[in-house]
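**Student:** Work out the full structure, taking the sequences as your base and the hints as a guide.
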Amino acid sequence: MSFVTLRNVRKSYGEFPVLHGLNASIHEGEFVAILGESGCGKSTLLRMIAGLEDITSGEVEIGGKVVNDLSPRDRDIAMVFQSYALYPHMTVEKNICFPLELAGMSDAEQKKHLSRAADMLNLGDYLQRKPKDLSGGQRQRVAMGRAIVRDPKVFLFDEPLSNLDAKLRVQMRSDIRTLQQELGTTAIYVTHDQIEAMTMADRIMLMNAGKIEQFGPPLELYDHPSSTFVAAFVGSPPINLIKGEIKSGSQSAFVADGIRVPLQPNTWAAGPVTMGIRPEDISIAEGAQTANAEGDVEAMECTGERTILEVRVGDNIVNVSVVERLPLAKGATATLNINPNKCLFFAPNGQAIQAA
Amino acid sequence: MAHHNSLGKVLSLTPAVLIFAFLALLPVINLFIVSFHEISWLGGTKQMDWVGVDNYVAIGDDPLFKAGVFNTIIVVLVATTAQVVIGLGLALACSSVGDKSRPFRALIILPLLIPGIVIGAIWRLMYNSEFGIFNLVLETIGLSGHDWLGSSSTALAAVIVVDVWHWMPFAFLLLLAAVESLPRDVSEAAKIDGATAWQEFRKVTLPLLYPAIFMTFLFRAVMASKIFDEVFLLTGGGPGTSTEVVSFTIFQRYFLQDNAGYGSALSVSIIFVVSVIIVIALNANKSKGLSQ
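Residue numbers (our numbering), protein chains in the order written: chain F, 5 to 360; chain S, 6 to 297.
Just so you know, these hints were derived from the structure itself, not from any lab. Warning: the hint list may mix true and false statements.
[Claimed, not checked] Computed, partial: chain S to chain F, Cβ under 7 Å:
#1 121
#2 152
#3 190
#4 191
#5 196
#6 197
#7 198
#8 199
#9 200
#10 212
[Stated by the list, open to error] Result set (BS3-like, lysine-lysine): computed pairs, CA atoms no more than 30 Å apart in a straight line:
#11 F:98 to S:291
#12 S:196 to F:134
#13 F:215 to S:196
Ideal placement from N, C-alpha and C gives every residue a C-beta, glycine not left out.
**Tutor:** Here's what the structure looks like:
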């Protein structure tokens with residue numbers, strides 16, 4: 005059942021439209037990541053759900069109640085800000101208890117909630133410190149504590165990990181997800197980091213220029229992107245998008261400059277397309293294997309775990325990611341095997357094409 | 006190496022220190038020296054007679070100075086409080102309206118730009134018992150007029166009103182800068198945490214503004230303790246001693262009565278007292294940890 009519902013939600017600043025009629029249903033207890041580039045409207049949407057931005061038209065519903073005209077304090081939500089937005093003049097304890105104090109809770113009750121939140125977030129040693137005396141990770145946990153302490157209907161996260169270093173981010177990613185699962189509270193998490201979205205979310209709402217491009221589980225976006233935008237946004241190194249043509253008939257194949265990938269006969273309609281193929285679905289052909297393409301290695305990165313190659317094939321640069329540590333050097337010729345079962349095809353307008 | 010660096014820093018500061026000493030300290034030192042003398046003119050020649058601490062002892066018996074101190078304290082407390090409270094209210098209002106408040110901001114700071122002499126003219130007209138606007142309004146609603154500047158019961162209040170009108174924009178500007186630099190997301194967090202507008206102001210905005218409010222109050226209090234223009238232009242310290250303030254006492258003793266030694270002693274005393282108050286206030290502020 006839908007817990008947070010967006011119905012034709014629009015936002016304009018004067019004449020300038022920012023969100024173009026969004027529709028979505030978020031289920032109770034679900035963790036949804038709103039993913040997109042800077043300026044796509046994801047933070048605006050979150051702020052509209054929070055009540056910090058007016059809704060130009062449409063409806064936002066939380067827990068079965070339309071909240072358009074409710075102030076933030078009446079929406080029963082909690083938000084973790086990118087800057088953490090802690091109260092600098094209050095101690096950690098006061099920061100966490102502030103929502104409870106405002107709700108008129110007794111001191112004894114506040115202490116009980118505080119100690120539960122502090123235990124969950126390992127904040128027990130810092131309760132009497134002020135935010136300026138804490139590290140970034142500790143401040144982040146205090147912001148989390150302030151959010152969870154009053155058991156809201158929905159958690160809203162606005163890029164809460166952007167200010168942390170890479171190692172801490174990985175740790176906090178897992179901590180936030182575990183905490184959300186323990187509490188079972190619906191969470192909406194804005195991020196521009198696809199790894200965060202992929203690893204944390206039950207479903208990802210991928211936004212582009214004020215519209216929802218695709219809304220589904222992370223692997224659905226990865227394996228079955230609805231458009232070239234989704235395909236290109238999700239995955240690192242990025243998917244190869246190669247313009248070419250599908251030849252039909254018994255010799256059905258995708259053909260582009262220097263590339264030929266045989267396809268199942270009569271599966272795809274003939275015509276101009278863009279083929280999408282993930283770097284890990286291309287391998288280096290060895291010995292007598294039939295190659296789909298051949299080109300010169302322009303760059304090679306070895307991460308230790310994988311080898312990532314950039315191979316020039318005709319007009320295209322093809323990214324290849326393999327597990328093997330290859331003895332190829334820059335300028336060497338590489339022959340490529342493209343897995344035909346993993347090929348995705350997109351119409352010239354960028355939308356995905358389904359097999360017949 | 007470190008020693009060499011610190012020596013370099015000291016040397017590089019020397020010119021600035023010398024200029025400061027010349028411009029600020031030298032006149033005060035000169036004032037201090039003069040305060041121990043009685044100065045007279047004999048046949049066009051200056052005569053400086055050493056009188057020790059006599060000038061300082063005389064301060065205690067000066068009825069004008071006592072009245073001046075009392076009135077100055079009232080002016081400082083009342084005018085400064087009013088300026089900070091009104092300035093803060095207007096700063097919060099303008100900040101919440103945003104860019105649309107720009108014309109109002111310009112209007113609010115207008116009194117600050119008006120020369121003191123013009124302010125004297127404006128307010129003398131307004132307070133005039135015959136045709137001043139206050140009395141015209143009172144008479145229109147059937148009440149009798151009042152001699153605002155000529156009556157000892159209202160003269161000091163009338164001077165304070167003018168000082169508030171003149172200098173409130175200064176407090177407004179300082180506090181507006183502080184209000185505008187408050188982090189927006191902290192205020193939004195308070196709203197989401199369940200704060201009403203009053204709770205947000207009382208528990209978040211006001212504590213965050215304390216350092217700015219304190220500094221504005223201190224700054225304005227120091228300036229108000231030097232009040233002179235308004236008194237000189239509106240009342241001349243009267244009626245009686247009802248609007249006598251310390252700066253005006255110094256003016257009378259030093260310039261009108263040509264008593265440079267005693268005037269200097271009064272000046273040194275005022276500089277000393279104000280400096281001590283500033284140091285105590287700053288330390289109190291520091292120990293409370295308000296200067297974030």
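**Student:** Work down the list of hints and note, for each, if the structure agrees.
**Tutor:** Taking the hints in turn, this is what the structure says about them:
For residue 121 of chain S, the suggested interface contact is broken, since its CB lies about 39 Å from the closest CB of chain F, more than 7 Å. Proximity of residue 152 of chain S to chain F is violated relative to the hint, the smallest CB-CB distance being about 49 Å (cut-off 7 Å). The interface hint given for residue 190 of chain S holds, since its Cβ lies 4 Å from the closest Cβ of chain F, which is under the 7 Å cut-off. With its C-beta approaching chain F no nearer than about 5 Å, residue 191 of chain S sits inside the 7 Å limit, and its interface hint holds.
Interface hint at residue 196 of chain S: satisfied, since its Cβ lies 4 Å from the closest Cβ of chain F, which is below the 7 Å cut-off. Hint on residue 197 of chain S holds. Least Cβ distance to chain F is approximately 5 Å, under the 7 Å limit. Below 7 Å, beta-carbon pairs count as interface contacts, and residue 198 of chain S has one with chain F at about 4 Å; its hint therefore holds. The beta carbon of residue 199 of chain S is positioned within 7 Å of a beta carbon in chain F (closest approach about 4 Å), and the interface hint is therefore held.
Below 7 Å, beta-carbon pairs count as interface contacts, and residue 200 of chain S has one with chain F at about 5 Å; its hint therefore holds. Interface restraint check: residue 212 of chain S against chain F, minimum CB-CB distance 4 Å, threshold 7 Å, status holds. The straight-line distance between the Cα atoms of residue 98 of chain F and residue 291 of chain S is roughly 22 Å, inside the 30 Å bound, and the hint therefore holds. Between residue 196 of chain S and residue 134 of chain F the CA atoms are separated by roughly 21 Å; this keeps the pair inside 30 Å, and the hint holds.
At roughly 28 Å between alpha-carbon atoms, residue 215 of chain F and residue 196 of chain S fall within 30 Å of each other, so this suggested pair holds.
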